[in-house]
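There are 2 protein chains.
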Amino acid sequence: MIRQIALTVRGWRSNTRAVKILMLGALAGAMLASGAYLRPTVADEGMWLFNDLPLAYLKEKYDFEPSPGWTENLMKASVRFNSGGSASFVSADGLVLTNHHVGADTLHKLSEAGRNLYDDGFLAASLEDELRAPDLELNQLVSIEDVTDKIQAAVQSNMTAAEASRARQAAMSVIENESLEKTGLRSDVITLYGGAKYHLYRYKRYTDVRLVWSPESAIAFFGGDADNFEYPRYCLDVCLFRVYENDRPAKIEHYLKFSTTLKNEELVFVSGNPGSTNRIYTVAALKHLRDTWLPYFMNYLRRQEIMLQQFGLEGEEQTRRAKDDLFSIQNSRKAVHGELSGMQDPEFFKAKRQREAALLQRIKEDPQLRTHAVAWDKIAAAQNRRAALQGMSPSINGRLFNLAETLVRMAEEDAKPSPERLREFRDSNRESLEQDLFSTAPIYADLEQAKLADSLARMAERFGGDYPLVRKVLSGKSPQDRAAALVQGSKLFDVDYRRALAKGGKSAIDESQDPMLILARLVDPRAREIRKEFEEIQEVERQAYAQIAEVLFAEEGTASYPDATFTLRLAFGPVRGYQEGGRSIAAWTTLGGAFESEAAHGAREPWKLPESWHKAKSKLNLETPFNFVCTADIIGGNSGSPVVNRAGELVGVIFDGNIQSLAADYMYSAEQARAVSVASLAVMEALQKVYGAERIVKELTK
Amino acid sequence: MIRQIALTVRGWRSNTRAVKILMLGALAGAMLASGAYLRPTVADEGMWLFNDLPLAYLKEKYDFEPSPGWTENLMKASVRFNSGGSASFVSADGLVLTNHHVGADTLHKLSEAGRNLYDDGFLAASLEDELRAPDLELNQLVSIEDVTDKIQAAVQSNMTAAEASRARQAAMSVIENESLEKTGLRSDVITLYGGAKYHLYRYKRYTDVRLVWSPESAIAFFGGDADNFEYPRYCLDVCLFRVYENDRPAKIEHYLKFSTTLKNEELVFVSGNPGSTNRIYTVAALKHLRDTWLPYFMNYLRRQEIMLQQFGLEGEEQTRRAKDDLFSIQNSRKAVHGELSGMQDPEFFKAKRQREAALLQRIKEDPQLRTHAVAWDKIAAAQNRRAALQGMSPSINGRLFNLAETLVRMAEEDAKPSPERLREFRDSNRESLEQDLFSTAPIYADLEQAKLADSLARMAERFGGDYPLVRKVLSGKSPQDRAAALVQGSKLFDVDYRRALAKGGKSAIDESQDPMLILARLVDPRAREIRKEFEEIQEVERQAYAQIAEVLFAEEGTASYPDATFTLRLAFGPVRGYQEGGRSIAAWTTLGGAFESEAAHGAREPWKLPESWHKAKSKLNLETPFNFVCTADIIGGNSGSPVVNRAGELVGVIFDGNIQSLAADYMYSAEQARAVSVASLAVMEALQKVYGAERIVKELTK
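Chains as they are written, first to last, in the working numbering: chain A, 1 to 702; chain B, 703 to 1404.
For the record, the hints were derived by calculation from the structure and aren't laboratory data.
It is possible that part of the hints are untrue.
Sample of chain B residues facing chain A (criterion: CB under 8 Å; computed from the structure) [stated by the list, open to error]:
{"id": "1", "residue": "Q1046"}
{"id": "2", "residue": "E1049"}
{"id": "3", "residue": "A1053"}
{"id": "4", "residue": "G1166"}
Beta carbons are placed, not taken as given, at the ideal position from N, Cα and C, and that holds for glycine.
Hey, can you work out the whole structure from these sequences and the hints?
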């Protein structure tokens, strides 16, 4: 699955707000798709800004001219899961359709021993039965404003990288706070084209989000890890939430109606939030990924995977508790493996190197651009600094530690004016931060202990058992015993305790004898040092990529799209099958195919359909399209994105990319990479005939 | 399980004859058990040489005086599986009893799609039905001779480490060849006490080995990976082979009779081949293990584990093919994790450091020993060299590559006199080498391809995609595509082709266009360079540890045992339960307990007993002891070791150590570490009542 996750774990950001492992996005596939640095050379490539759509191309190639109303409706009907993922409004009363694997985080948080919503599914019989998610935040993009001039004006040419980084962040923070105060909307300044442009995105936030319907994991993730990133597929990877305001279903002006058709070769559009691409990367930056960062990251993912598998062996309840994390890790491991394999193909670098050499040759002959060549050297030097810092942050996994770290930092940062704080602690982000910090989602002591023990052991391995900070952290105990003492002694499980600490501010935090806070205070100085160094490197890269972007604008014109940043983009392409190993892969599978696939696999896990499907089989129209592929350019973060036709009607929901969209093969057959969707027709058929969800069907078809 | 495996993978030896991942042995537990460097301070500790048993201790503590006949019978009834593991003769007609997991390698090799001896078990109805193993070699130790003087005389004090290493190896080779010519017996010179002593071991070799009986994996490995290294247990982890000579059952003079009793607190003896311990290691060497080697090795194990799991997802037959490797890897991963955890406990190093400091202080005050203090510095320097070389060998996994490498090296080495060759190519080892090289065991192209692709990718990650050797190895292809081409183009699957190449010698090998041979020729020069450097380091360490051993002999007397070297040792201790978390763990479980454990786990995998056991339940004496624990000092390689009582009768077969024998807890409660055995009473009961093996029972009780 192309997992909903968006942020990057490079450098200091190895602990995330969502306490999740993050995906880099289907990096290599994406890069391979890109002929030049930015400009699409392959037809229909691109993740376009809603305020800069390729209108001329759409008109010329597809004779399609989206009206302003078409575009506005699609943009405002699109929803971002702030936890990492995409979705859409599908009713006037706030129904939100996304992937089962995007909702999984919430399904797990709403489950407990003996009540497994993830595996067993859920259907709210009435509005009153809809279950409130403990910490979801949904964002609806309402406007985009170019603020490049204001940001660039804050950075003076005589500043060091550290000064420039601080000045830029402060300028962003000021704009965001002003916007929040003026509009009341969530306001984020987004860095585009590697640092050449800055746009202010304003979002309406929804924080009362309730679960309406979810199918069983056996059909949502039919084929499991084995079939992940494969095609053909038979997955009902969807679920429904509803946004509320003032304890009543929110009134939604812009939403998508279900299409009643799906046509081969029809042009479709994907509106979602691709997480992160690196198509502007230089050869030096890609080499760093291939030879240094990704191998290191893969070791980390494998380590987490084995640790979670081992934890799950302890019992059925442990298996349930570890499932969400395990899925995320396995999904990332499979995706990153595909990316790394693609980059290890010598052909990939050969092509990349030739293009870069040719470009550098041309700009050296151009008196205007000549001075920009130094940007490539700066990027190369930055990679060496990255390599030297790799693994140097004393990062620690686990929800409890993450809470402790947030509390410790928040107390310290809040003593400063908002523009000078670490970025996530700016005033304009406070609501989102607290949404997470005070979540009522369960925290499992045994799982926390397993994660923490592994983190402490990993720290000891990275720095050596005699490193002073390691000795302090372990405090004379083995990693296992120390983890047990930390988890068993902490009161951070309790939301009220966290609220009291946050309210008490720096003095309350400093005085707390909670062992997890003591640990966070212990490692924070070093973690901040490393983060600061990474932010300096990022600033160097930002300035260099801004120069490179200027070169590319000059060379190739501006009809291009920037690298993905987990913000709303439009991709497009026809519904179309492909050739693989001499076989024709049809554009879509059918509901009947799911039963055939189950039989072909002897109905063994993970190819065993739920009982509900067997019961409903005779009622189902087995010819209904189930999953389909199109050529649109997508990546991690696009999970749950609505797929619409020219009429703006919902034909599907993105949930995966095929293996060719990750692997090196792609270079030889760009024709094979496909985005994989659940057909809206299948969603409707299942809601009616498998799940008997009359209330929902009525609302969707109203 | 304490896995049968014996050799070390440190340094160059990452490809082994048996194409298996190797275990370091339950290192940390072992080290923790050792109060001093060599001398046991904990009662009943020790893996004693058969020619230097602690007779005074046995007499004093247990009032037991083994007669020469008792010792000779036990030594000659003990059997070594050259593939890594221990066993015993249990009938006059050559029956050999070992662990199911020691025989697993052969069970898999005798299986094929639709005929899974590992999972489904096997019973030969008659002699004619016994199945010949494709490549087993069993060794029976017949004599031990001290050759220290001869070896030491070959090394001059003015030699460099490289020269000394060569001279020592040549001297060993000469002694071995002379012995082989004189006696016709397999002759191995063994390095003891880190290099202070050298003994010549002579073995009778059995190479016609046939499978007689094996239970289902569901009972042999009841509880699976989850229960591995845990206790209480319910595993019938045994199987029976028979050695043949001249196509008839071999006549065996020394064998063990099954005991008809098992008594709590009775003294028992374990006669087997512990693989490798490092109790003599200095603090610097242990730090290298903790901070550098073991973390690296764990990453490698996790990588292999995930790769094999992913391969198994492709189908049931793939699962079967990968099972033996996957078990080995999981077993090693769990054991090494326990070792590393033990070493990460600061208390472990604190104690070790204090003892070393005190020892160094004492010898500095001793005019005789003062000069020996430099040995510790030499070891420390050697660790830095080890760290610098770590991961530098272009090692490649997979049976086909292993065969190619052996052929390439054999052709090159055979041009030299035997004493000057790489050690495994000496004349006296040729029969064993060919036993493996010309094995008829199946080689699965798909599994080979998966392993090779992963190896090539790992090489690219370690050296960087632009490293010249990597570029040559990949030859313009991605790791996956290159692996596919190599495997699909190779004829090394064919035993006759391998025989022809071996017979053709260097010219045949050099001219072969088999892509796997081309690959082996390509990487061999660099692999040899790295191996040479490692052998130099080992020589430095050998000389230093010999000095350290002298100090310890002087300090602590000579009533000690050397570190394990996969040669026959005797351990002992009482059958005894232990306390854990306030609970009393009884010395043995019963057959009835297996049914209770199955029920307690809801009969879900891997706690599901085979159908044969349910059918036989009413006939079984459910009070029969099943698995039991004793305090004997064992480690990886001891798997399958016979456990005998004072009368020399077989009471059990070692198959595991509990988690406390690996983990740091041990330091605080030496009382908890236990060796785990299958009771011979359970074997007999199952043979009679579950498997109806009357022919075998009759032979065993004759």
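Quick rundown of the hints versus the structure:
Checking Q1046(B) against chain A by beta carbon gives a least distance of about 5 Å; that is within 8 Å, so the hint holds. Taking 8 Å as the C-beta contact cut-off toward chain A, the hint placing E1049(B) at the interface holds, the least distance being around 7 Å. Interface hint status for A1053(B): violated, as the beta-carbon distance to the closest one in chain A is roughly 12 Å, over 8 Å. For G1166(B), the shortest C-beta to C-beta distance to chain A is roughly 4 Å, which falls under 8 Å, so the interface hint holds.
In summary, the structure is inconsistent with hint 3 from the numbered list given earlier, while agreeing with all the others.
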